[in-house]
Amino acid sequence: LSAAPATAQLHPGKQQFTGHRIVVATRHGIVAAHMEGVRKFTGRELEQATNKFHRENSLGRGGFGTGYKGQIDGRAVLVMKLNPDTSRQAGERFLREVTVLTRADHRHIVQLIGYNAEARCIVYEALPGGNLEDRLATETGRKSLRQKDRLRIAAEVAEALVFLHRLDYPILHQDVKPANVMLDDDLISKLGGVGLAKFLPVNDSSIWGTVGYIDPLLLRTGKYGPQSDVYGLGLVVLQLLTGEKVNKVLEYAKFGLEGVLEHLDKEVTWKDKIVRDVAELALRCRDKANRPDLETVVLPALQILAKDTALDLDQDGAPPPRQAAGGAGGGRGGGRGGHAGGRGAGHGAGEDARRATPANAPKKATSMFSFFWGSGRK
Numbered sequence: 001l002s003a004a005p006a007t008a009q010l011h012p013g014k015q016q017f018t019g020h021r022i023v024v025a026t027r028h029g030i031v032a033a034h035m036e037g038v039r040k041f042t043g044r045e046l047e048q049a050t051n052k053f054h055r056e057n058s059l060g061r062g063g064f065g066t067g068y069k070g071q072i073d074g075r076a077v078l079v080m081k082l083n084p085d086t087s088r089q090a091g092e093r094f095l096r097e098v099t100v101l102t103r104a105d106h107r108h109i110v111q112l113i114g115y116n117a118e119a120r121c122i123v124y125e126a127l128p129g130g131n132l133e134d135r136l137a138t139e140t141g142r143k144s145l146r147q148k149d150r151l152r153i154a155a156e157v158a159e160a161l162v163f164l165h166r167l168d169y170p171i172l173h174q175d176v177k178p179a180n181v182m183l184d185d186d187l188i189s190k191l192g193g194v195g196l197a198k199f200l201p202v203n204d205s206s207i208w209g210t211v212g213y214i215d216p217l218l219l220r221t222g223k224y225g226p227q228s229d230v231y232g233l234g235l236v237v238l239q240l241l242t243g244e245k246v247n248k249v250l251e252y253a254k255f256g257l258e259g260v261l262e263h264l265d266k267e268v269t270w271k272d273k274i275v276r277d278v279a280e281l282a283l284r285c286r287d288k289a290n291r292p293d294l295e296t297v298v299l300p301a302l303q304i305l306a307k308d309t310a311l312d313l314d315q316d317g318a319p320p321p322r323q324a325a326g327g328a329g330g331g332r333g334g335g336r337g338g339h340a341g342g343r344g345a346g347h348g349a350g351e352d353a354r355r356a357t358p359a360n361a362p363k364k365a366t367s368m369f370s371f372f373w374g375s376g377r378k
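Counting from 1, one number per residue, gives the positions in the sequence shown under our numbering.
For the record, the hints were derived by calculation from the structure and aren't laboratory data. There's no promise every hint is true.
Once the Cα atoms are required to be at most 20 Å apart in a straight line, the calculated EDC-like pairs of lysine to aspartate or glutamate come out as [unchecked claim]:
no., residue 1, residue 2
1, K40, E118
2, K266, E251
3, K198, E118
4, K273, E262
5, K40, E97
If you anchor each label on the Cβ, the simulated ranges turn out as follows [to be verified]:
no., residue 1, residue 2, range
6, K245, D184, 37 to 43 Å
7, E125, R166, 20 to 26 Å
8, D185, R220, 17 to 23 Å
9, E56, D293, 26 to 32 Å
10, K248, G91, 24 to 30 Å
11, N57, G37, 22 to 28 Å
Since the model is a prediction, treat every value here as computed from it, not as a measurement. Here a beta-carbon is modelled for each residue, glycine too, at the ideal position from N, C-alpha and C.
Given these sequences and hints, build the entire structure.
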């Protein structure tokens, strides 16, 4: 590390701090990025935070490394200890990718708090509501999410992905799944696991991902693109509709729209027309030949459906949600709006509320979003 002033000569692999600005010299020139609010932790601080990375604090091992829960300065954090990288430029590459992650500053993306290059650790904020996968699992005993919450979360995840894809240096998530959708106490969601794929060793050419969420197009071409994030989002939406794990959702999807509608989560009072449109959109996200564009089709459609759902339920007497400020391109400076509807809110009209079971599943109707994908729709 160098403490030289900004005008000093920099050597490849050296790092310099000037206030909240980090400058990394590489063989290809100088890479610089503002690191405001991002902290460089010492190895000792991370060991204290995780009790020396004790297995009791482990949150599980994935394709990128092992996650640990911890506490730093009284704040709950998640520490991702990345897998080793023995390539010659591993340290330089780590710092370069961290600078890229600092740009992923959005109200629906889990916040990067800090890092330690030597230990290959990245530190994120921890959200008190856990993750969406646990929330949807019936065995957790948590109160089921209402329709308005589920559709809002789907729109929030789509908004986060659009933001990542529109960055000057676009970030592909590459592992969109409910376990990476974190929730706060008001059930506002933030997408986690952002950018971790960038830290895979350079010589790792294998196709990786979570079983069930890997895009079939990726298996065929070996190339990951924005549309593979759309595929993952579609599966997340189908899980929000059914409350089921991905293996069951994939089975339902084989039977098309009716296969999904026959297995809607019975703990939710569904609005017939809206849920049909959502299910159709989610299935389109899995289409190999005509997958909808995330920014121009999927996001606006989900936002409209989520808004319509909230308005319908508000008219039924449910409290209106607090709206987060800003749009898909807005960072945290645009506001981190919450949601008034917490866990204790009811599901709708009460005991007589009509539930979308196989016997009363939504009837066929023309999708309000047919114009998005035109006559080529299957």
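Straight-line alpha-carbon gap K273 to E262, limit 20 Å: holds (14 Å)
With respect to the beta-carbon atoms only, verify the hint that N57 and G37 lie 22 to 28 Å apart. Distance hint for N57, G37 holds at roughly 24 Å.
Check the following: the C-beta atoms of K248 and G91 are separated by a distance inside 24 to 30 Å. At roughly 43 Å between Cβ atoms, G91 and K248 fall outside 24 to 30 Å, so the hint is violated.
Would the pair K198 and E118 pass a check requiring their Cα atoms to be no farther apart than 20 Å? Between K198 and E118 the Cα gap is close to 17 Å, so the pair holds against 20 Å.
Given the hint that K40 pairs with E118, test it: the Cα-Cα distance must not exceed 20 Å. With a Cα-Cα distance of about 11 Å, the restraint between K40 and E118 holds, given a limit of 20 Å.
Tell me if the beta carbons of K245 and D184 are separated by a distance inside 37 to 43 Å. violated (24 Å)
If you check the beta carbons of E56 and D293, does the distance land in 26 to 32 Å? Since E56 and D293 have Cβ atoms about 44 Å apart, the given range 26 to 32 Å is violated.
May I ask you to test the hint 17 to 23 Å on the CB atoms belonging to D185 and R220? violated (42 Å)
Do the Cβ positions of E125 and R166 conform to the proposed distance bound of 20 to 26 Å? With Cβ atoms ~23 Å apart, the hint holds.
Does K40 pair with E97 here, judged by a C-alpha cut-off of 20 Å? holds (14 Å)
Between K266 and E251, does the CA-CA distance stay at or below 20 Å? holds (18 Å)
Checked against the numbered hints listed earlier, the structure breaks hints 6, 8, 9, 10; every other hint is satisfied.
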